[in-house]
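S.K.: So you can see what is in the structure, the chains are spelled out below.
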Amino acid sequence: MAVTIKRLIFGKNPRRTLIRAGLVVVFSIIIFRFVLVTMHLSGISMEPTFFDGQMSFANRLAYVYKDPERGDVVAVRIRNSGRSIFLLKRIVGLPGESIGFKDGKLTVDGVSLEEDYLSYSSDWNRSPVLCGDNEYFVVGDNRSMEIERHALGRTTLSRIVGKVIF
Amino acid sequence: MNIKTITTAVLCLTITGFLLRGCFTGPEGQIRKQLSEVEELVSYEAGESELGALGKAKRLGEIFTEDVAIELTGFTGAKKLGGREQVQQAAMAARSEASSLQVSLYDVEIQVAEDKMSATVEATGQAKLGQENSTMVQDFVFTFENTSEGWLIAKVMTVEALR
Numbered sequence: 001m002a003v004t005i006k007r008l009i010f011g012k013n014p015r016r017t018l019i020r021a022g023l024v025v026v027f028s029i030i031i032f033r034f035v036l037v038t039m040h041l042s043g044i045s046m047e048p049t050f051f052d053g054q055m056s057f058a059n060r061l062a063y064v065y066k067d068p069e070r071g072d073v074v075a076v077r078i079r080n081s082g083r084s085i086f087l088l089k090r091i092v093g094l095p096g097e098s099i100g101f102k103d104g105k106l107t108v109d110g111v112s113l114e115e116d117y118l119s120y121s122s123d124w125n126r127s128p129v130l131c132g133d134n135e136y137f138v139v140g141d142n143r144s145m146e147i148e149r150h151a152l153g154r155t156t157l158s159r160i161v162g163k164v165i166f
Numbered sequence: 167m168n169i170k171t172i173t174t175a176v177l178c179l180t181i182t183g184f185l186l187r188g189c190f191t192g193p194e195g196q197i198r199k200q201l202s203e204v205e206e207l208v209s210y211e212a213g214e215s216e217l218g219a220l221g222k223a224k225r226l227g228e229i230f231t232e233d234v235a236i237e238l239t240g241f242t243g244a245k246k247l248g249g250r251e252q253v254q255q256a257a258m259a260a261r262s263e264a265s266s267l268q269v270s271l272y273d274v275e276i277q278v279a280e281d282k283m284s285a286t287v288e289a290t291g292q293a294k295l296g297q298e299n300s301t302m303v304q305d306f307v308f309t310f311e312n313t314s315e316g317w318l319i320a321k322v323m324t325v326e327a328l329r
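Quick note, the sequences are listed as chains A and B, same order.
With the first letter of the first sequence counted as 1, position 45 gets the number 45 in this note's numbering; the numbers rise by one all the way through.
Add 166 to a position in the second sequence, counting from 1, and you land on the number used in this note's numbering.
So that you can see chain A by itself, here it is in the shape it has in the complex (with noise of 0.2 angstroms):
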């Protein structure tokens, strides 16, 4: 009983199993340390695309050798320093872009922009401000909140930590 026990956790060649399992370890530490940014959402802001409570992933190294797109849900660190605390949010203004809201509407260098992934009708209404060279606007998706409790306004590449893979 005890050598099929033993049989059924270390294989038939013990060492070997024990190399493929510091190997699962090594794989999981550098996947876990370098590319995937686990995340555990707590907020609405994000609604109905994702909710309270919900895990979700993002990719370092996404923008490593590309540039965000409009469109990308990204995690955003809340300052330079911050490593716990991170705001999702999608990515709707381009640098030098000029991003603000009208009755509801986003508009980008004045011009409505219509978002498909967006199912909450909104009415805000935001002066437009200036993307700068190095940044992006960001806004969550759940725009039927008070514009006042919706953290959204331009953040840096450097504070961008990923795109949201799901």
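No wet-lab data here; the hints were simulated from the structure.
Being a predicted model, the structure only gives us computed values, none of them experimental.
The C-beta atom is built at its ideal place from N, Cα and C for all residues, glycine as well.
Be a bit skeptical, because a hint or two may be false.
[What the hints assert, rightly or not] Listed next, the in silico DSBU-like pairs over lysine-lysine satisfying Cα-Cα at most 35 angstroms (straight line):
| id | chain 1 | residue 1 | chain 2 | residue 2 |
| --- | --- | --- | --- | --- |
| 1 | B | Lys-294 | B | Lys-224 |
| 2 | A | Lys-105 | B | Lys-245 |
| 3 | A | Lys-105 | B | Lys-294 |
[Unchecked claim] Sample of chain B residues at the chain A side, in silico, Cβ under 8 angstroms:
| id | residue |
| --- | --- |
| 4 | Arg-198 |
| 5 | Tyr-272 |
| 6 | Val-303 |
| 7 | Asp-305 |
| 8 | Thr-309 |
Knowing the structure of chain A, use the given hints to seat chain B on it.
M.R.: Frame of chain A; chain B shown alone:
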């Protein structure tokens, strides 16, 4: 050596360790302790008694200097508080705005001045409001002063994460 001697030695070492830690906590340790107190005293559960709330508000005030200046912007709207009493009043008033509140501070970074008389602390605050089931996140900068009453908060300012 028998087991009794070993147990006594371990116990003595543990107690000595705790005493040394308590006696020689540096400014950083004392400031972190104060911030933990702030977290605890600002937070409240639904159905908290008025006496309990008053006690907590009083203790909260004692963590701030008499002439503390607080400037808040962001989710709570622009608010300015001046002095310990206003902090205590605001703590009581907050209880009428939400049934429960859980405040936590993350990524606390402390920079103590060379003369060890003041310190600047950056922290990210997370507030969970019970009734509304909403979470708010806000960056803060605290200025601590080393007074005869210990390290007290002399200034609090919010920092906008997105501009």
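S.K.: All the hints need checking, so say for each whether the structure fits it.
M.R.: A quick look at each hint next to the structure:
1. Lys-294(B) / Lys-224(B): Given pair Lys-294(B), Lys-224(B) holds - Cα atoms ~22 angstroms apart, limit 35 angstroms.
2. Lys-105(A) / Lys-245(B): holds, 30 angstroms
3. Lys-105(A) / Lys-294(B): With Cα atoms ~29 angstroms apart, Lys-105(A) and Lys-294(B) stay inside 35 angstroms; holds.
4. Arg-198: Given a least distance of 15 angstroms, the restraint on Arg-198(B) is violated.
5. Tyr-272: Holds - the Cβ of Tyr-272(B) comes within 8 angstroms of chain A, reaching about 4 angstroms at its closest.
6. Val-303: It holds, given that the least Cβ distance between Val-303(B) and chain A is near 6 angstroms, below 8 angstroms.
7. Asp-305: Holds. Min distance 5 angstroms.
8. Thr-309: violated, 17 angstroms
Going through the hint list in order, the structure does not satisfy hints 4 and 8.
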